[in-house]
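So the protein lines, in turn, are chains F and R. For the first sequence, the positions run 1 to 583 when this note's numbering is used. For the second sequence, the positions run 1 to 137 when this note's numbering is used.
Simulated from the structure, these hints should not be mistaken for lab results. Treat the hints with care, as some may be off.
Stated by the list, open to error - Cβ pair distances, simulated, as ranges:
#1 R:Glu54 / F:Gly83: 51 to 61 Å
#2 F:Gly477 / R:Ile36: 52 to 62 Å
#3 R:Pro101 / F:Val516: 50 to 60 Å
#4 F:Glu463 / R:Glu123: 22 to 32 Å
#5 R:Pro101 / F:Ala43: 15 to 25 Å
#6 R:Ile36 / F:Tyr41: 29 to 39 Å
#7 F:Lys121 / R:Ala45: 33 to 43 Å
#8 R:Thr132 / F:Lys458: 52 to 62 Å
#9 F:Ile581 / R:Leu130: 21 to 31 Å
#10 R:Glu49 / F:Arg522: 33 to 43 Å
To be verified - Some chain F residues close to chain R (C-beta under 8 Å, calculated; not the full set):
#11 Ala133
#12 Gly151
#13 Thr226
#14 Pro230
#15 Arg232
#16 Ala390
A virtual CB, placed ideally from N, CA and C, is assigned to each residue, including glycine.
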Amino acid sequence: MGKRTAEQLLQELNLRLREWEESEVKERLTGKGAERFHVWYGALANESKPETRSGSGDLSIKRVYSPLDTASISYLDEIGLPGQFPFTRGRDPVGYRAWEWPLCFYTGYGRPQDTNARLKKLYEMGARELDLAFDLPTQLGYGCEHPLSFGEVGKVGVVIDTAQDLAEAYSGLPLEDLHIGTVGNCIGPWVLALFYVLGERHGIPPQNLHVWLQNDPFKEYNGRGTCIFPLRPALDLAADTVAYTCNHLPLSWEPQYVTVSMLRWGGCSAAQEIGFGIANIIPYVEAAVAKGIKIEDVIPRFNLHMSADNDLFEEVAKFRATRKLWAKLAKERFNTTDPRVLGLRLTAVTSGYRLARQEPLNNIVRLTMHMLAAILGGVEHIVSMAYDEALALPTIESTYLSSMIKVLLHDEGYIGNSVDPLGGSYFLERATVDLEEQGQHWYQKVESMGGAVEATSKGYYLEESAKGMYKLQKQLGNGERVLIGVNKYKRKETNIPIEIFMGNPDAEKLHQENVVSMKTKRDRNKVESDLGNLKRIAEGKMAGKDENIVPAMIQAVRDDVTVGEIFDSLREILGEYRPVIVF
Amino acid sequence: MKDHIRVLIAKPGLDGHEMGAKMVARALKDAGMEVIYTGPRQTAAMIVETAAQEDIDVIGLSVLSGTYMHYCSQVMDLLKEKGIEHKPVILGGIMHPQDLPKLQEKGIKGLFGPGTNLEHIVEYIRNIALDTRRLKK
Chain F
1 MGKRTAEQLL QELNLRLREW EESEVKERLT GKGAERFHVW YGALANESKP
51 ETRSGSGDLS IKRVYSPLDT ASISYLDEIG LPGQFPFTRG RDPVGYRAWE
101 WPLCFYTGYG RPQDTNARLK KLYEMGAREL DLAFDLPTQL GYGCEHPLSF
151 GEVGKVGVVI DTAQDLAEAY SGLPLEDLHI GTVGNCIGPW VLALFYVLGE
201 RHGIPPQNLH VWLQNDPFKE YNGRGTCIFP LRPALDLAAD TVAYTCNHLP
251 LSWEPQYVTV SMLRWGGCSA AQEIGFGIAN IIPYVEAAVA KGIKIEDVIP
301 RFNLHMSADN DLFEEVAKFR ATRKLWAKLA KERFNTTDPR VLGLRLTAVT
351 SGYRLARQEP LNNIVRLTMH MLAAILGGVE HIVSMAYDEA LALPTIESTY
401 LSSMIKVLLH DEGYIGNSVD PLGGSYFLER ATVDLEEQGQ HWYQKVESMG
451 GAVEATSKGY YLEESAKGMY KLQKQLGNGE RVLIGVNKYK RKETNIPIEI
501 FMGNPDAEKL HQENVVSMKT KRDRNKVESD LGNLKRIAEG KMAGKDENIV
551 PAMIQAVRDD VTVGEIFDSL REILGEYRPV IVF
Chain R
1 MKDHIRVLIA KPGLDGHEMG AKMVARALKD AGMEVIYTGP RQTAAMIVET
51 AAQEDIDVIG LSVLSGTYMH YCSQVMDLLK EKGIEHKPVI LGGIMHPQDL
101 PKLQEKGIKG LFGPGTNLEH IVEYIRNIAL DTRRLKK
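With the hints as extra help, turn the sequences into a complete structure.
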């Protein structure tokens with residue numbers, strides 16, 4: 001028998017598949033082959049669903065994948081090698097072979113000194129990244145004294161009114177050995193100023209600090225809600241933060257994580273995550289370029305912050321498809337082959353919306369699924385939820401475990417031994433191409449509307465999220481989608497005791513008193529002058545003058561102007577956010 | 001006499017996570033009720049004012065930021081002041097188990113945490129709205 005061509009092999013395989021469906025599969029599913037396919041415990045008589053769909057619903061999943069499904073995919077053009085265009089297999093050529101997952105924590109509650117106690121403990125437990133969760137009064141630029149802040153101070157995070165508060169939160173910690181940062185999406189320039197002054201006050205030059213800012217207003221307007229100004233001024237302030245960082249601060253300062261995870265959590269699908277995420281990066285890149293930053297200096301400092309969800313294969317395909325689609329789109333759009341522009345860094349946050357309040361220990365398994373998907377998908381940073389997230393703010397033990405899961409997977413699970421180890425799977429390669437195609441469709445949908453700014457202003461993302469989430473809720477309600485402990489294996493009582501975090505009920509009052517006292521010790525003239533300067537720049541922006549607000553912010557933060565004073569002044573000039581009510 | 005049950009879904013305070021509230025609003029609308037969804041950043045005063053002006057049958061509060069005790073107290077007090085404390089108030093979101101009895105003592109009629117079936121909430125609201133109307137007659 002002579003050598004068969006690739007074409008002949010595929011034809012033979014095609015025939016074999018059909019025969020297989022008529023024989024083995026049919027026998028198994030009609031009970032004919034009872035002796036041959038002796039059904040044991042888990043086996044059912046019929047496949048669960050006539051049509052199987054992936055976790056987000058985007059992909060129709062076949063019974064089995066084979067070379068027939070990947071015959072048209074060119075390895076060299078579509079898959080390639082890690083570290084090379086189109087980066088399907090990863091941005092880093094050696095992946096996790098030269099890697100150690102740091103213990104990273106995002107935490108905060110009460111007053112700065114309350115959070116400091118936890119940060120110190122986490123540092124003793126091995127933490128190398130300590131990011132602060134700010135409370136809502138801080139994130140909204142209201143500060144602890146604003147009437148709307150009453151009852152909210154120190155609740156979902158730590159209250160930070162001034163640079164002194166930040167210093168207190170990180171007091172006694174070796175800042176040069178840590179990565180630090182925070183979310184602060186509509187307060188970007190102020191957050192940058194805070195960390196800048198923190199370094200200054202400790203005598204640490206910027207090159208010795210590693211600071212990350214999420215600084216993405218889109219995230220807030222599209223499902224999280226800490227919006228302060230109308231959309232366009234908000235984006236301009238975020239762009240000021242990026243521009244200042246690129247011009248004045250070393251690469252260890254990351255000024256933006258463009259965040260699409262909240263859209264997925266809000267009900268969007270995997271392909272929408274890809275398309276909307278990439279669409280959201282574009283306005284930020286264009287704004288930075290308009291402020292004089294070269295694109296190859298901007299992209300390396302960005303991350304696309306995605307979710308890590310339940311369906312492992314869909315997620316791995318999603319991360320690969322995202323890198324691939326960005327590389328192709330960016331190459332065309334920015335007319336470049338510069339790998340600094342075409343290689344997109346991905347961060348994954350474990351999907352909090354998939355966790356359950358009932359039987360919370362099950363969440364440890366869910367988190368493991370998410371992290372496994374993120375690692376096999378080749379992401380460069382993972383943010384993880386804790387298993388008690390649906391009950392209260394996490395305890396220190398659940399926080400610690402949450403970060404340790406990825407370390408266990410890497411150090412004990414051998415999954416980092418080879419780069420993109422699932423690459424080559426017929427299923428995965430087909431899913432990657434399919435998600436890339438679908439992702440491109442959603443990206444083009446947004447672009448055809450005029451881009452991410454238009455889409456956000458019209459509430460398009462909110463509508464898509466609500467549609468998807470409603471579908472998901474219906475599926476949970478009728479059992480089509482399983483949530484153990486909630487619609488399957490419901491237990492009457494949970495007799496696993498779990499400690500639930502309780503904050504300090506006096507935190508708000510004590511901190512407010514502190515701020516009042518601090519204000520009496522400040523140089524009032526400097527405060528007035530700083531606020532005047534900020535207002536002048538904001539007025540200039542409204543008149544089309546592009547002056548970067550960060551230097552004025554830094555001065556204001558140095559002089560102990562509070563977050564509330566700063567943003568109240570800016571609200572007067574830039575206006576206030578009006579929510580788009582869509583449900 | 002109005003036919004449809006009128007429900008106010010409100011988000012008091014600074015928490016901006018609206019999806020839970022939106023899903024309930026949508027389910028109620030699909031079930032034939034009239035729904036007013038306030039959007040985020042409502043004060044207790046705004047909520048009670050809307051409840052009075054819009055002739056609301058049931059008030060639903062959604063809070064995920066741990067500030068529910070603060071806002072429930074304020075809403076219940078203001079409803080009393082306005083003389084409309086017969087209107088049932090229900091709460092959805094994240095509540096500490098220790099606080100559940102305290103909330104019931106304050107007069108919050110239904111507590112719906114994560115994992116609650118949407119249909120269950122719709123039925124609950126329908127029943128309590130009709131019962132309240134009957135009693136008010």
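For which of the previously enumerated hints does the structure constitute a violation, in increasing order of number?
As far as the earlier hints go, 2, 3, 5, 6, 8, 11, 14, 15 are violated by this structure, in ascending order.
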